[in-house]
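*Asks:* All chains should be built: construct the whole structure from the sequences, respecting the hints.
Here the protein sequences come in this chain order: D and X.
Take the first sequence: its letters are residues 1 to 280, numbered as in the working numbering.
Take the second sequence: its letters are residues 1001 to 1280, numbered as in the working numbering.
Just so you know, the hints here were simulated from the structure itself, not pulled from any lab data.
Treat the hints with caution; some may be incorrect.
What the hints assert, rightly or not - Ranges between beta-carbon positions, derived for each pair: (1) X:Lys1090 x D:Asp78: 15 to 21 Å; (2) D:Lys15 x X:Ser1256: 32 to 38 Å; (3) X:Arg1083 x D:Ser119: 52 to 58 Å; (4) X:Ser1256 x D:Ser119: 36 to 42 Å; (5) D:Gly84 x X:Glu1227: 54 to 60 Å; (6) D:His280 x X:Gly1084: 48 to 54 Å; (7) X:Tyr1120 x D:Tyr274: 46 to 52 Å; (8) D:Glu7 x X:Asn1229: 36 to 42 Å; (9) X:Leu1240 x D:Gln12: 38 to 44 Å.
Idealized CB from N, CA, C, for every residue including glycine.
Number of protein chains: 2
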Amino acid sequence: MINKRIEHQMNQLNKASRLQKSMLYSFHAGGKRLRPILLLASYEAYQDNVEKAMVVATALEMIHTYSLIHDDLPAMDDDDLRRGQPTNHKVFDEATAILAGDALLTYSFECISNDPLLSYEEKIKLIQWLSKASGPKGMVAGQMLDLQAEKKVVTLKELEDIHILKTGQLIQFAIVAGAFLGDAPDKDLTYLKEYSYYLGLIFQIQDDILDITGDEDKMGKPTGSDEDNKKSTYPQILGLEGALKQKNEYVHKAKSALSKTKASESYLHALTEYLTERDH
Amino acid sequence: MINKRIEHQMNQLNKASRLQKSMLYSFHAGGKRLRPILLLASYEAYQDNVEKAMVVATALEMIHTYSLIHDDLPAMDDDDLRRGQPTNHKVFDEATAILAGDALLTYSFECISNDPLLSYEEKIKLIQWLSKASGPKGMVAGQMLDLQAEKKVVTLKELEDIHILKTGQLIQFAIVAGAFLGDAPDKDLTYLKEYSYYLGLIFQIQDDILDITGDEDKMGKPTGSDEDNKKSTYPQILGLEGALKQKNEYVHKAKSALSKTKASESYLHALTEYLTERDH
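*Replies:* Encoded structure:
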């Protein structure tokens, strides 16, 4: 559903253009669609007709995708492969990849602002939250701190601050935006904020653990790269055992917060399990 | 006024951060503030209290500034100097410059969405127009076409298509958004759209002419670079005389459209003269 909708949104751009091809390439190169799935799961815990949340879900995936395209650039993480496929700037070129990222970011806000199913107020709230989560108070700040932390010893607190900004805020947006569009009560929004805070950290710990214990074929990328790059990770700070223990503690806290909402028996519950145990 | 307001908006970000410093640097490195001035001038043709248009005016300058930071990158135009000052990636580094651009773009929408003086409907209309003008149907598409046109012979029509996307759309946004916030009648908005279409082209022709006839000290950058880079320009396609003639034709059309609006005697009229005759 999400892939079809992304294709639909992208086809409203000039199809012959190199820019559109480059934007579309990074969607076709795979991805778990985790953020839109979380958004739709959160929405479905409160409302049936998922159509109302579809545009925001795809807009969110556009922002995530732009961030990957820019993160992979030679000046940033300098990655040639992503999900087992050549990265955007390897297939096109650096200039095109920079512009494709810029375009996806801008188009994301354009799509939300033009969504015919949302009220002006709903659109503005979503844009307020999404811009904050992804901009200089959120994801971009996290990426900056992450680059500055490279090859440096960081504390657990510093590591978590980076993750909360870099990945946590968009995950939180997904879950809160979905529930908001589903007319969840304020009390549920508060608990879902707490739930998604821990879910973001669980996601990151599992990422770090998989870089040590994961299967390269399943992951679509080489493991052990964190150690090679001297990256600060949960296992590096806490040891593998400690990281697993920390993850379990967060899983407990996440489930506890979720259990206080109407979403307690929803697909979000199963997704929490999946994210905790995932092998890629 | 605009500089003060930009400073104010930037100070709401983490001041100690490298990201904020990099974002702020490119504002301090000068600039004509043409787009916010056009927006405020257009607003003031209809309303007195300019406060209502200030946040949108600064948000627009943020988008313009992000586009310059990204355009200057080594993978794009590879410029070491802008307005006589080292470019962002020369002072910081490429990764920081990419992120500062991403952050300014995102923050621009955040600032509009949080403006307490605008209604939900006004904010959404502005975000619809601004995202369209600056995204894959506007400025970013223009920059992509501009890069593709490098060292290629283009027709006048192709050249103007690039300019309309790359610079024209944001200039049009400035003028239409200002008048819209000033509650201009629909008839005026239509004529102002036409006016700003020609104003954008005038601005570009003058840019091309100055690259041949301009004074390097006044410009803060070397002249003759278009010819060195084999860039397609109005003088290159039409000759210097032909370019001047084309400019005068557009000035006539712009003034004619402006004269049909309540803004005919406004500061926009003087700005048209200024942009036509400017020497830097």
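*Asks:* Each hint: holds or not?
*Replies:* Hints, verified against the model:
no. : hint                             : in the structure
1   : X:Lys1090 x D:Asp78: 15 to 21 Å  : 20 Å, holds
2   : D:Lys15 x X:Ser1256: 32 to 38 Å  : 37 Å, holds
3   : X:Arg1083 x D:Ser119: 52 to 58 Å : 43 Å, violated
4   : X:Ser1256 x D:Ser119: 36 to 42 Å : 40 Å, holds
5   : D:Gly84 x X:Glu1227: 54 to 60 Å  : 46 Å, violated
6   : D:His280 x X:Gly1084: 48 to 54 Å : 51 Å, holds
7   : X:Tyr1120 x D:Tyr274: 46 to 52 Å : 37 Å, violated
8   : D:Glu7 x X:Asn1229: 36 to 42 Å   : 37 Å, holds
9   : X:Leu1240 x D:Gln12: 38 to 44 Å  : 41 Å, holds
The earlier numbered hints that this structure contradicts are 3, 5 and 7.
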